[in-house]
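Produce the complete structure using the sequences and hints provided.
Here's the letter readout for the chains.
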Amino acid sequence: MINQPSGEKMFKWAADLFPICRSITGPGVRQTLAYLKKELPDLVVHSVATGTPAFDWEIPDEWTIRDAYIEDESGKRIVDFIKSNLHVVGYSTPIDLWLDLAELDAHLHSVPDKPSAIPYVTSYYTRTWGFCISHEQRQALKPGRYRAVIDSDLKPGILNYAELVIHGDTAEEILLSTYVCHPTMANNELSGPVVTTALAQWLLSLPRRRYTYRIVFVPETIGAIVYLSRNAEHMKKCTVAGFVLTCVGDDRTYSYLPSRKGGTLADRAAEHVLKHIAGKYDRYSYLERGSDERQYCSPGIDLPVCSVMRSKYGTYPEYHTSLDDLSVITPGGLSGAFGTYARIIELIEMNRTYKEVFPCEPRLGKRGLYNMTSLDKSDLLVNILAYADGSADLIALAELIGEDAIKVDAVAQTLLAAKLLQIVD
Amino acid sequence: MINQPSGEKMFKWAADLFPICRSITGPGVRQTLAYLKKELPDLVVHSVATGTPAFDWEIPDEWTIRDAYIEDESGKRIVDFIKSNLHVVGYSTPIDLWLDLAELDAHLHSVPDKPSAIPYVTSYYTRTWGFCISHEQRQALKPGRYRAVIDSDLKPGILNYAELVIHGDTAEEILLSTYVCHPTMANNELSGPVVTTALAQWLLSLPRRRYTYRIVFVPETIGAIVYLSRNAEHMKKCTVAGFVLTCVGDDRTYSYLPSRKGGTLADRAAEHVLKHIAGKYDRYSYLERGSDERQYCSPGIDLPVCSVMRSKYGTYPEYHTSLDDLSVITPGGLSGAFGTYARIIELIEMNRTYKEVFPCEPRLGKRGLYNMTSLDKSDLLVNILAYADGSADLIALAELIGEDAIKVDAVAQTLLAAKLLQIVD
Amino acid sequence: MINQPSGEKMFKWAADLFPICRSITGPGVRQTLAYLKKELPDLVVHSVATGTPAFDWEIPDEWTIRDAYIEDESGKRIVDFIKSNLHVVGYSTPIDLWLDLAELDAHLHSVPDKPSAIPYVTSYYTRTWGFCISHEQRQALKPGRYRAVIDSDLKPGILNYAELVIHGDTAEEILLSTYVCHPTMANNELSGPVVTTALAQWLLSLPRRRYTYRIVFVPETIGAIVYLSRNAEHMKKCTVAGFVLTCVGDDRTYSYLPSRKGGTLADRAAEHVLKHIAGKYDRYSYLERGSDERQYCSPGIDLPVCSVMRSKYGTYPEYHTSLDDLSVITPGGLSGAFGTYARIIELIEMNRTYKEVFPCEPRLGKRGLYNMTSLDKSDLLVNILAYADGSADLIALAELIGEDAIKVDAVAQTLLAAKLLQIVD
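Residue numbers (the numbering used here), protein chains in the order written: chain A, 12 to 436; chain B, 12 to 436; chain C, 12 to 436.
Incorrect hints may appear among the rest.
One copy or two, either will do: identical chains are not told apart, so a pair holds if it fits within one copy or between any two.
[Stated by the list, open to error] Straight line, CA to CA, 27 Å or less: simulated DSS-like cross-link-like pairs of lysine-lysine:
hint: 1; residue 1: Lys-430; residue 2: Lys-272
hint: 2; residue 1: Lys-153; residue 2: Lys-87
hint: 3; residue 1: Lys-418; residue 2: Lys-291
hint: 4; residue 1: Lys-48; residue 2: Lys-20
hint: 5; residue 1: Lys-48; residue 2: Lys-430
hint: 6; residue 1: Lys-286; residue 2: Lys-272
hint: 7; residue 1: Lys-430; residue 2: Lys-247
hint: 8; residue 1: Lys-418; residue 2: Lys-366
hint: 9; residue 1: Lys-20; residue 2: Lys-418
hint: 10; residue 1: Lys-166; residue 2: Lys-377
hint: 11; residue 1: Lys-272; residue 2: Lys-48
The hints are simulated quantities; they were obtained by calculation from the structure and are not laboratory data.
Okay, here's the thing in structure tokens:
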């Protein structure tokens, strides 16, 4: 039913964007948004100046990184930003220093139990500098003098984010939010923007939409906070469901992280679809949250936002290291996530509340809706009529009947056409 | 406590009614209702003319069946309505045709996995004709010419149902509904009317009743719909509990089918009694409904109606075939069902909401309600006083205390007499 | 955090009070209250005259017991009140009779399955007399003549109880109730008054208290009823939580008996603390109640009162016999109960409802509340902010987060000081 984009196309987008060194501000974010705007021409890229307040926060200085390396005494680059932009701690201040090993080591980050991985480390709000290297390399460093160079700027500038509002029949909105602030990582960065972009293209291709879609690409945390500081009042009025798209690229599992209190339309649709598409999936607690639902579901904002993922951040071995490369995500993983979100959206679009028109069961036979002999059993159609009491929406109806809501909707449409059901929401 | 009719008497009624060829209309229903009226002289038999509208339905033509048979070329009756009225498909049109085997076979019904059984088949609303035979016989039929004769009428007439309203102290009503439209079958037809008749006789014998009883004998589905089209507005105002009596004749198990949403007074009383009388019983979902609760609990009617059965329709091997004969039901099975329903009714009659009269525990000793030494343990009496807070009715009180409500009521009566409890409903 | 009294001090109080022959009235209660008043000088001892009505009750005659014994024909005292005041049935009428063994035996009480124990028996409201002896002794009694002497008075007098109201910042009250009416028994009598006395001393030592504390020492049942007959209207308005302190002296387990419907602030605080202090504890049903919660939770009073115990009355082998002596209670058992109650009280004192001040997460770093690198995980502080939505009180917040509320409070205080949380109750 869904006009499925190829997983290969999403994978290619991710591969194109992979080398860019993104951070919460700076040219990397702009390059990334510019690339996505080619796919979504109506995407609006916003700029917010350093120092602009956003609730308890303000926009930080913009960070530009050009080069960074560690040379040994022989002038050999033993750590080189050109080879992996994960080597430099995000938001490192500019330096050019000769240090002995102990002094250098105080600025190194590595992960002992993943000895070959370069970890991903940032320090947005505390001025410092550092390098991330594999633990193997760190342990092999010999005493001596090292030159550490970081060619960066950290000064007033702008923060960028992008949004695309796709209007529907009503002003009620569904939010799709993803982030664009991590450097060269695949599942925990690029899977989100590319699946979101594919969903936006699909939504634009639909002849009509019941709901309006608010699609945002933001730097995580500060970007979501800035976005909410400008849009929360409107969003609180209009948002019926929302989703944070992150880690939607591998093909090992499906994961679900509920909204703060759970049970919202977003949660109900997500779980219904996961149950019928994936069967088994990993169900987390809101205590295990970690992305922008932290802002969307915060008590002062309280939007109905949950997150459906493939392997959740923090749970897969490559997470937040150089191992989270293009080998972690797959065309199948991306298109599985796309299909799941498209099905969730379809379900919310079709989620009406029905009520039977006639007291007692209607006469199905005269409408060609019943087989002739009494050997036949009650079926889905009869069960929909039996439970359609004007209080259960389609998702609740499907859960009561124990059937996939997509199937229930198909039959409900038949009953609606036969004037045996009415919409009461 | 209950003036129990003999299971033998109910069995005899069933045996007397067994040979009659009932359908949703026609002389069979009238003969059956006339027989029951001998036992319940105040039973009122109603007639509704063909074409009368009833919600989404209208009364169908009346069907009269006089004879039906299949002859082989030698003139031998190989299938004969006189031997079993299940042989003819209910509402078959009149015919007299010579057919070859293939033509005949298109009008035959049998059940391959019950090779000796004649199935029960009807086609009320699609004009056709057919014969039901054992699968053994069907497979033994030889090529050749056959004469199929059905001597029936299908023309404007009447539909009959009967009702008996037994007035009580209040206008609030308890509904007992059963059906009278199946031909020669025992558990899935006659058990319902005979247990209902016995319950009506018992209710009439009581010196007084708190509730008014509405007892209806209707053709299944169309009869219930017609009845509701005439009485639903009144019943919605007055009905506190209702039950569909069907399949109440065998002695293999007890079954419970809840009302649509469950938790009504009918459901609570039924489950409490089944737990204390039967211990174990088969608990079904409303998804597995199949009798007139489909009408009574439909969203536009929404009465508090559930069903307590012995072996539920559709679950026992003889169901809807000639095997469901008088060997399936037993005097013990019928009287067990009677006793269970009588106990449920008694429980609803005695289901008052109590509140303790005095703040703190009352002094039981001065009323002769307490043993003298402190070695004695708290007992049922003390627990009733402890929980009687004016919010829990007798059933809830019994569930809180973990005792049979009949026992709780006996002690509550003592406390009421001692002016330690008051009724607050 | 809590200024813990020594278990030894509580044990000494219990040992001092152990020999006194208490009953629901009489000099034993007065001696006991006089002893406690030395520890709590502001304790007010009340007297209520025989015949004074109290709801469904009235104050009984006062009982004074001076001596009681059984002599054999040789004049030897074979049962002697001086050796154990449990030997005489509480409220025995005065007698001086010669009886043969059969006549005597009709007035003897013993426990066959605890052959060495003298049981505790009373007959407050039915005039009789009796002796309690070990089953071993009873079975060894030889036919012959015995002289039974009870030197008691049973005549109009007074009933005593004591109360101490410790004022706090608000008029809302926490009730601590214990009883002072059992003779020489340790866990099921003296543990309650001594732990309650220690709690009162601790509460008095606090620089300030949010709540007012109502601490009552009453004869069980009649004392609580009299107390409520005088104070219930006030207590219904003011009481936010209450506890019955009984059987708080041994060190074998912790027990919890809920209020009638459970879920009150008292219940929630008690269970939260037991879970975090004791881990495992015995959870009873209100059906198993047995002390003054019977009055405090009765439907007409309905205070939020539960009971936290060590080994619950009726469940440990020494209960209600001479075996419940000072060897059953321990300094550690008493101080464990004290600490648990103190922690419950502290929790209720600190149980505020918080709401996050800023929409979205606040910026922790600028307040020194966040470590600098993104490798750090969300912690307690972040979770409190995430769930503090103005609907969950501290206990609910701690349950949501899965942490001890004491820890949650410590962090909440930091957030309050940082103006990131506000109190909204």
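Sort out which numbered hints this structure fails and list those numbers smallest first. 5, 9, 11
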